[in-house]
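Asks: Using the supplied hints, reconstruct the complex from the two chains, each of which is provided in its own coordinate frame.
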Amino acid sequence: MNNKAKNNVVELVTEYLFTICAVIAIFAVCSITVYMILKGTPAFHSVGVLDLLFGTTWKPTAAEPEFGIFFIILTSIFGTTISVLVGVPIGLLTAVFLTEVANKKIANVVQPMVELLAAIPSVIYGLLGLMLLNPLMYQLEKKIYADSTTHQFTGGSNMISAVIVLIIMILPTVVNISASSIKAVSKDLRAASLALGASKIQTIFHVTIPAAKSGIMTGVVLGIGRALGEAMAINMVAGGSVNLPLPFNSVRFLTTQLVSEMGYAQGVHREVLFAVGLVLYIFIMLVNLVLQKMRKEASIDG
Amino acid sequence: MKNNLVKKLAVGMTALMICTSFAGCGSTDSAASDDTSSETTETTETETEESDDLSGNISLAGSTSMEKLCEALSEGFMAKYPGINVSVEYTGSSAGIESLSAGSVDIGNASRNLKDEEKTGGATENIVAIDGIALITDTENTVTNLTTEQLVSIYTGETTNWSELGGADEAIVVIGREAGSGTRGAFEELLEIEDACTYAQELDSTGAVLAKVASTPGAIGYVSLDAIDDTVTSMSLNDVAATEDTIKAGDYQLSRPFVMATMGEVTEQSELVQTWFDYINSEEGQQIVSGVGLILPE
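For the protein sequence lines, the chains are Z and C, in the order given. Start counting the first sequence at 1; every next residue gets the next number (my numbering). Start counting the second sequence at 1001; every next residue gets the next number (my numbering).
Okay, chain C solo, but in the shape it has when bound (with noise of 0.2 Å):
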């Protein structure tokens, strides 16, 4: 009985020294990494001594397309500015610029460029970011550029064999993503197809898309642009390949400004949402976005 106590005990402390130890390597590994970014922690100190002045709150409402990355962005500005509460309503890109006109909220959240009624109702355009999809299908396809017309022929169910647009005779499988996607509904909302896709399959993420389409011959399918990888290959729509360049010019049918509308210039605004803009365009906030698959403007 007594030596079986005594391993347990013994069992016990290896088991406490194990976790103990391990709990020292945890904090030694962030010791090095705040290290490598003291230089940065240092330069911020001083304006999170500032910011520590700042309380109040910020109030976005607009497009359901922006959620990941205005969730995204308001955890880190509030982990850095306590004081502020940064509340975000996802009602859609016209009701979020109409609640900006009527006062309602500090900014107006529209996954669009801004209408010009919008903006003569005194409604700025800041783009924080955009947003491009891009069009792949698999290695052995011999077709690689699409008019807007055969696209969208082929996800209606129009088109359905390649022959039809000069490539092997293949059937074509239609990969899509489930509803309620955000790269399905800005897709079908640049297409102007909403609801009219027949789709040979619905997957739920980005990576299940890239497998299907590199493991089906004749499988076209959409994903972020910052997805592609080489197991597939890129389309170009309408002559225009999807790269960052061709996005950023606007030549690029599939993509689209995430703006954040604010009653005149920003420099105009509270001091508040002055430190919203000045943290999406620090460092840490570019990284924000395209941490969320988003191309930084210019």
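Looking at chain Z on its own, in the form it has when it is part of the complex (with noise of 0.2 Å):
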């Protein structure tokens, strides 16, 4: 009897206890968005929408400032947009590679490394790129422009740079979330394919794959908010110029701009930075929408 007693008195306390944990989560979710948009949107009125979301000068503290972040906007976009497409097919076929492909020797090896990789600290990557890849980068655009006039030489700190070593960045999450969702794919699904005479590579890219579709989803857009999100690795290689995004123009994306700036803000200044977080915060919050939409069609799918 006693003990009955308290055994109730411990489920209720760990179910409050849980209540209180998922309580905190909910609470840190939303007091960012409302203060996001508070600090956020003064900016939008003092500046103006248009001009601050479509302008393209960025002249925080001339005598008439301009506080134009379109091109900041457009370098996120292009950025992470190009690191996805040029990054998630690597990571894929890496995760097919390690679980379908390799033999165990090597993917026992392959994967704890990759995993390592994911552990390994933004600013590391970032010093690598400004050490290795930003010399590289400078020969190439040596070569590349060594006749032109107009060009504005960078000293290899530019937007491939940044594409790179975001790419770089994204490939562990890429790889490991889908190899652990192509795991759990079914072995009968496998062998049912393989009985009705389909190889293996068949096998692989039209049946288990998209059976592990959802997992790789999340793994893709896991690694999208990875590289819109970046700021400490890209802030060191990209070169921190606001310009248009083209390969070898120095550039500065929504994260490196809090970062660099935020220092020493003030006023409007100030404002129109917690305005771009804004921006970003916004970004993030979409694609993960597009993410739970996805999951729950593939599972409706599935």
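It should be emphasised that the hints constitute simulated quantities derived from the structure, not laboratory data. There could be a bad hint or two in this list.
In silico DSS-like links for lysine-lysine, alpha-carbon gap of 27 Å or less [as the list claims (entries may be wrong)]: (1) Z/Lys183 / Z/Lys200; (2) Z/Lys59 / C/Lys1068; (3) C/Lys1068 / Z/Lys39.
Replies: If you want it as structure tokens, here you go:
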């Protein structure tokens, strides 16, 4: 009897504990959203929505300041899109290799390495980019623009460097999540496909990958999230001038915009930086909403 | 079960002991460092006793570039004189001197020499520090001296190759700081190229500028004078090298005084304001000034 009562108390306490934990998470999301909106919207009033979002001149400290973040938004969109377009196929094929093609010995070596890649702090990627990638890019830049009189030489800190760093950074996310969802596909499906006379490659691309679609999509969207939200590494390799996102231009992303100017910004300049944060936040939200929708559809299909 | 509990207890106790022993270490450490500075603390003790009577407000207003200096000084000052509150507003040099003339603040901050009309208005120029900016380039570059015109044309994007300035055929990579940086503000202001610069790279710290200039052939950048090291070449401007001596002598163009102006001489000020200036001129205050990368005036 006593024991039962004790059990009941434990049940009750744990239940409350779990509820409190859940409430903390919800509270965090809600307060961040409210805070970003409260802090981010004043700039839209003081600068003007169109001037802010579609202006192309960023001169926050001039006598007549201009706060156009259009090039910065474009850079973030292009940079993320290109790195995902290149990084996802590489990551997916690596995952297929690890789970379906490679023999156990090789897989046992490669898998931990990829996992280690995910654990490396982003500043290390930035450092490597700074020391290896930028000098290489500068060599290339000098060759390509040897006769150009209008190109401003950036010393190799450009869009391509940033995209390459981003590709390497999203790889482990895509590989790990895709690999585990491919592993989770039932053996029966593969066996059925092989029994019907499909080759191994046909089975992989027509049976296994479609069956693991939901998990792969999760990996892709998390990859997009990482690429969009990465600041430290690309701050070190991208150059940081506000320019049109052309391959050999020095560029600035939404994230690096915040990182580099928050320190000394005052007044409207500071407000605009919060607006930049809000724009970034909205992008991330959109990506996540798309993910949730895709997952639902995938689970209905399945 | 019991065994487990004992184990946990043991682990907990060891953790506690490690913690306390570390804490012990910490306190002995600070005691040791106290010993070394005991002489100074003894001498200041009498002052602090006096200063206990001092209370009130000191108000400063002016230059945004002096934010770092003022924050560091007021923090140290208020720690030493808990009764005195120092408030600083960063409104810009001219606005600061105007507030001083209007009598709304005790001290007007200006990151430039006072103009003649400001001096005739009664403001006295007290230079508390000098801000020097050095030009740096990579060590391979054969051009080590620039004229002001050449420097301006590099930073406005008119000159794009070192061969135009008598150097090797190497593109110029123009590196600067991010908008809002005090160093960038001072650099552009002193050369009168505010917001006319075309930067190839805008970096957000002195260290990043140094590293990029050191590793990029043909790069040029600017940093605070105290940040220079062997990895880069310090360029001279109009044949004047950037050193503390040339800056103090006023020969080097890329420097500016940090002025804390008062109405009339410092000796005519209230006790509070005099205490403030005494603090700046004390060893502790001078250390703070050089700590934020500024040069001490003679």
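Asks: Are the hints correct? Go through all of them and say.
Replies: Hints, one by one, checked against the model:
Among the hinted pairs, Z/Lys183 with Z/Lys200 is consistent with the structure: their alpha-carbon atoms are about 15 Å apart, no more than 27 Å. Distance hint between Z/Lys59 and C/Lys1068 is fulfilled; the C-alpha atoms sit about 23 Å from each other, no more than 27 Å. Under the criterion of a C-alpha separation no larger than 27 Å, the hint pairing C/Lys1068 with Z/Lys39 is consistent with the structure, at around 25 Å.
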